[in-house]
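Let chain A serve as the given structure and place chain B on it in line with the hints.
Chains as they are written, first to last, in this note's numbering: chain A, 1 to 80; chain B, 1 to 403.
Mixed in with the good hints, there may be bad ones.
Using 27 Å as the maximum straight-line C-alpha spacing, the simulated DSS-like pairs for lysine-lysine come out as follows [stated by the list, open to error]: (1) B:K388 <-> A:K80; (2) B:K32 <-> B:K298; (3) A:K48 <-> A:K76; (4) B:K66 <-> B:K388; (5) A:K80 <-> B:K12; (6) B:K66 <-> A:K51; (7) B:K181 <-> A:K48; (8) B:K172 <-> A:K48; (9) A:K48 <-> B:K65.
Simulated from the structure, these hints should not be mistaken for lab results.
Keep in mind the model is a prediction, meaning the values are calculated, not measured.
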Amino acid sequence: MDNAQEIVTFMKALASEELRTSANEIDENATFHELGFDSISSIYLLEKLEKKYEIELSPLYFWDFPTIALLSEQVKKEIK
Amino acid sequence: MNTSLWNPLDTKNISDPYPMYARLRKEQPVYKAQTGEWIITKYEDVKSLLKNKDFISGNKMDWVKKGIEYFNNKDLDLSAIGEAINSFLLFLNGDQHLQARRLITRAWDDREVDDIIDSNISHLLHCVKGNKEFDLIEKFAQPLPAMTISKIMGLPMEDYEMLRAQGNHLLKVLDLYLTLKDMVEIERSAHFLVDYFGQHITRKRQHPENDLTSKIIKLNEEGPQVVSDRALTSLCLFLFLAGEETTVSLIGNGMLNLFRHQDQLQLLTNDQNLMAGAIEELLRYDSPVHVVGRIASKNTLFKGYEIKKGEICTLCLASANRDEDTYDQAAQFNIQRDPNRHLAFGNGIHFCLGDWLAKRQGALAFSSLIKLNLGLTDSTVNSIEWNKNLSIRSLKRLNVKMN
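Excised from the complex, chain A in its bound form:
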């Protein structure tokens, strides 16, 4: 079972690729909006999470859990 830290790492890697910055520079407590995601790139992010963890996520999770830290906690719950 993936723990929350692994999910955080996965999301940071995705974000670094998407935003073209190093994964180390990505703050898991910054909002997705602050990081540079928007309502379109959110679709891509959620799709990647759904595929990787074989779950279904509400498109509203991007705003309801608006940081990498919060969303990874939620993803962890969905996996269970």
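What follows is chain B alone, placed relative to chain A:
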């Protein structure tokens, strides 16, 4: 913990969004949601923004265009969605909107429509004759508007079911929040329908007949300004779709609400002169279209809130129609309610063009259905399931029995 007042995708809000609307109206009638959009829930506010020229249509179109570009960079082609919806009336502004609207109103002919609807209803009711139980959505509410508009537009009648199903996928584009899976499915249907309606237009141009498509093509060619074939395809597709799921919703939600309010059903059964008022109340009480979007075209101070240029307002028509400050006993279903100036068809320059057809189709459908003396099946009473679509609220199924 999510403390937002705006949770439209929660299971309980999908099955009954009215408590969420009521709370928003009471606590935060102009609400900045977690998504960044403004949620507007009171009647006077919704009405005033529908009429305000600084709040324009087409936020979804802009979003789709950006999405197409974004996913194109990821080698995913979603361009057919843009082709399909580029001339949907609800996304157009200014002259482009007026021009398209004028073209349709000039080509439209009210006559003959009653006969078409009546013959479709007879056919559908004939098909369920002898069944003790049937699904009113699948067997009646879904096919009826598709058959009617197919006939009006001169589409081949053998295609209406397939077109309805494809159209239903495409219509998901109107939903507020989508996943990539949704987008891919929408793209597939968009691609198919753009091809199909493009061919339909070509055929009607070569062999015009006495149908709406042929009339639109002819009027368009006469000018003064000519709409491109690309736009014409999207416009015809819009005409086909606009009255589809909304009418399924009117008939399905309408019958459910009549079943749930037996006293009102009895009133209507005894006096069909109440039909016109009943339709208005059904439209108000459980409106087919729940939300429409607008974008602020400049910075605006609205009721003390600064709405910035480019921000989106989600106008909750269905909430406005239940506003306690506008209606006496707003939560009560009363087919004799008067006055009843609801916003189910919007307001201002985008007021729904199909209101007449929707009401006519509704009236003829309800008249025939109540004569059958139907009731909900026992299993349906406690398990009403709604489609997970925020913009148009409709039932998955409605199993009824012949009493």
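Each hint, compared with the structure:
1. A threshold of 27 Å between alpha carbons decides the hint, and for K388 of chain B with K80 of chain A the separation of about 24 Å falls inside it, so the pair holds.
2. With a C-alpha separation of about 17 Å, the suggested pair K32 of chain B and K298 of chain B falls inside the 27 Å cut-off, and the hint holds.
3. Proximity of K48 of chain A to K76 of chain A is assessed by CA-CA distance (about 15 Å); at most 27 Å being required, the pair is judged to hold.
4. Between K66 of chain B and K388 of chain B, the direct Cα distance comes to roughly 24 Å. Compliance with the 27 Å bound is thereby established for this hinted pair.
5. Restraint check: the Cα-Cα separation between K80 of chain A and K12 of chain B comes to about 22 Å, which is no more than 27 Å; the hinted pair holds.
6. With a CA separation close to 23 Å, the supplied pair K66 of chain B and K51 of chain A stays within the 27 Å bound.
7. The suggested pairing of K181 of chain B with K48 of chain A holds, with an alpha-carbon distance near 11 Å, which does not exceed 27 Å.
8. Taking the CA atoms of K172 of chain B and K48 of chain A, the gap is near 21 Å; set against the 27 Å cutoff, the hint holds.
9. As the CA atoms of K48 of chain A and K65 of chain B are separated by approximately 22 Å, the hinted pair is consistent with the 27 Å bound.
Figure legend: structure checked against the earlier numbered hints; every hint is met.
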